[in-house]
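J.: If you read the protein sequences in the order shown, they are chains W and B. Under this note's numbering, the first sequence is numbered contiguously, ending at residue 264. Under this note's numbering, the second sequence is numbered contiguously, ending at residue 1057.
Because the hints were derived from the structure by calculation, they are not lab data. Just so you know, not all the hints are guaranteed correct.
[To be verified] Each computed EDC-like pair below joins lysine to aspartate or glutamate, with the alpha-carbon atoms no more than 20 Å apart:
no., chain 1, residue 1, chain 2, residue 2
1, W, K55, B, E1051
2, W, K251, B, D936
3, W, K242, B, D936
4, W, K242, B, D960
5, W, K63, B, D1011
6, B, K938, W, E240
7, W, K65, B, E918
8, B, K920, W, D59
9, B, K920, W, D152
10, W, K65, B, E999
11, W, K55, B, D1036
12, W, K48, B, E999
13, W, K251, B, D925
14, B, K891, W, D59
15, W, K63, B, E1019
16, W, K48, W, E228
17, W, K65, B, D925
18, W, K63, B, E1035
19, W, K65, W, E43
20, B, K1044, W, E43
[As the list claims (entries may be wrong)] Short, incomplete list of chain B residues facing chain W, as computed with Cβ under 10 Å:
no., residue
21, M931
22, G952
23, E1019
24, V1028
25, Y1054
It should be emphasised that the depicted structure is a prediction, and the values quoted were computed from it without experimental measurement. The C-beta atom is built at its ideal place from N, Cα and C for all residues, glycine as well.
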Amino acid sequence: MNKKYTQTQIIDYVEGKLPKELLADFETEIENDIDLKKEVNQYKNTILLLKLQQDNILKTKMKQWDSELENEKKGKIIPFYMKFSVSIAASIVFAFLSFHFLILPRNNSVIYNQFYSEYEFMSSRSIITEPTCEETCMELFQLKKYDDYLTNIKNCSPNIINSESEVSIKLRFYKAISLMETKDYKNSVLEFESLQSLPINEISLKNDIDWYYILCLAKLGETEKAIFAISKLSSESKYFEKSQILKTTLQKYWYENLLR
Amino acid sequence: MTEKELEQIYKNHQRGFLSWAVYKFNISSDEAKDIFQDSVIVLMQNINDGKMKNEAPQIKSYLYGIAKNKINDGFRKNKNIMPLNDFDLKFLMQDNELEEKTEKEFLILHIEKSLIALGNPCNDLLIKYYFENKPFKLIAVEMNYSNEDSAKTSKLKCIKRLKEIVYKSI
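Construct the entire structure; sequences and hints are all you get.
T.: Here it is, written out as structure tokens:
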């Protein structure tokens, strides 16, 4: 094994604490040095196993808490007629009063017609003018015609697609999603990566990009990269909770495969 | 987060959660219990990591949010439905559940044996650091190390030794 890196550095890498200036070199070294890769994986698996064992201890404790709760509940059981006597009496009085005094709407159609209006498809472009290439793309995407979207976007001007404007970023994001939907995950990942390097102000779009990027990585089996991307996901993201579950699943899946 | 705090959260939310999950998602009480336990573990990890605060109103919505996703993912898996835009976890879980469980039990047994072989104080030190996410400063105080660096060095030695034991006996 290449002795370029100390045990401390290897463990720092596993724990995500290796200084940024060493990270790129270290990752290149992992690709080239099988022993180093093995060492890194063994540390990762050991830590994951440790966590799995602790989860198991917790679950045993939780089962004990479940039985405690069950016992408490048994001690508090009240006969049905006692527990609900007041509610039953109140219901009888209410039913009697309703029958005599309340006038309820008899015809649902009346209410329905009052609120009904025909659904209108909203499009940002004018009906009179010819749609631009970008507008056509947007509509194809909205209609979930992902293959057509990918064909059509090739006809749009590169000046528009490659700029850093809001429209261009949206189109490229839709392209990445379309690639993903057409199962071209590799190119989808590349598109998401190029989007991540752009200055995007819209936080929800940024979160969407990060989340679907993670999913594509997971689909491609790039587990380490996916876990790293999850760790960078903002806790404000609407995908945050989901991502934590994905992370746990990926970790389990990962070490199970490695130890197999 | 202490064990007492975790127990409190667990006991405060377990009943409400079970009725909600069984009623809303039409799952069995045992399934709801499993999901609740997994969700509490995720919640605890996030509190320990400092990703969220241990505050009552937040905890309830967070816990239910995690569980909801877990249940929905489980449903997709069972019904073989995979919405185009949301092909979450299903494709990662292709293994036979029974085999997975047996393998998991084997792994747990294996690490338990390794930890016994490792012994204390290493055992406690690693759990405090990796599972409870405690900083070295606190670990040094709790475990009577002379300073933070000394705890750090010990942790390094301990994880190295544990790794050797785990892989030696496979």
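J.: The structure should be examined with respect to each hint, and the outcome stated for every one.
T.: Hint check:
1. For the proposed pair W/K55 and B/E1051, the alpha carbon gap of about 17 Å is at most 20 Å, so the pair holds.
2. A threshold of 20 Å between alpha carbons decides the hint, and for W/K251 with B/D936 the separation of about 14 Å falls inside it, so the pair holds.
3. A C-alpha spacing of about 19 Å is found between W/K242 and B/D936, which places the hinted pair at or below 20 Å, so the restraint holds.
4. The straight-line distance between the Cα atoms of W/K242 and B/D960 is roughly 16 Å, inside the 20 Å bound, and the hint therefore holds.
5. Restraint check: the Cα-Cα separation between W/K63 and B/D1011 comes to about 19 Å, which is no more than 20 Å; the hinted pair holds.
6. A C-alpha spacing of about 10 Å is found between B/K938 and W/E240, which places the hinted pair at or below 20 Å, so the restraint holds.
7. A C-alpha spacing of about 18 Å is found between W/K65 and B/E918, which places the hinted pair at or below 20 Å, so the restraint holds.
8. This hinted pair checks out: B/K920 and W/D59 have alpha carbons roughly 15 Å apart, not beyond 20 Å.
9. At roughly 46 Å between alpha-carbon atoms, B/K920 and W/D152 are farther apart than 20 Å, so this suggested pair is violated.
10. Between the alpha carbons of W/K65 and B/E999 the distance comes to roughly 16 Å, so the proposed pair stays at or under 20 Å and holds.
11. As the CA atoms of W/K55 and B/D1036 are separated by approximately 24 Å, the hinted pair breaks the 20 Å bound.
12. The hinted pair formed by W/K48 and B/E999 meets the criterion: a straight-line CA distance of about 17 Å does not exceed 20 Å.
13. Restraint check for W/K251 and B/D925: the C-alpha separation of about 13 Å stays at or below 20 Å, so the hint holds.
14. Distance restraint check for B/K891 and W/D59: the Cα-Cα separation of roughly 16 Å lies within the 20 Å cut-off, and the hinted pair is therefore satisfied.
15. Of the supplied pair hints, the one linking W/K63 and B/E1019 holds, its CA atoms being roughly 16 Å apart against a limit of 20 Å.
16. A hinted pair counts as satisfied when its Cα atoms are at most 20 Å apart, and W/K48 with W/E228 qualifies at roughly 11 Å.
17. For the hint pairing W/K65 with B/D925, the CA-to-CA distance comes to about 13 Å; that is within 20 Å, so the pair holds.
18. Of the supplied pair hints, the one linking W/K63 and B/E1035 is violated, its CA atoms being roughly 32 Å apart against a limit of 20 Å.
19. Between W/K65 and W/E43 the alpha-carbon distance is near 34 Å, which puts this suggested pair outside the 20 Å criterion.
20. With a C-alpha separation of about 15 Å, the suggested pair B/K1044 and W/E43 falls inside the 20 Å cut-off, and the hint holds.
21. Hint status for B/M931: holds, given a least beta-carbon distance of 8 Å to chain W, under 10 Å.
22. With a least beta-carbon distance of about 5 Å to chain W, the hint placing B/G952 at the interface is held under the 10 Å criterion.
23. Because the closest C-beta pair between B/E1019 and chain W is about 9 Å apart, less than 10 Å, the hint holds.
24. Taking 10 Å as the C-beta contact cut-off toward chain W, the hint placing B/V1028 at the interface is violated, the least distance being around 21 Å.
25. Below 10 Å, beta-carbon pairs count as interface contacts, and B/Y1054 has one with chain W at about 6 Å; its hint therefore holds.
Hints 9, 11, 18, 19 and 24 from the list above are not met by this structure, while the remaining hints are.
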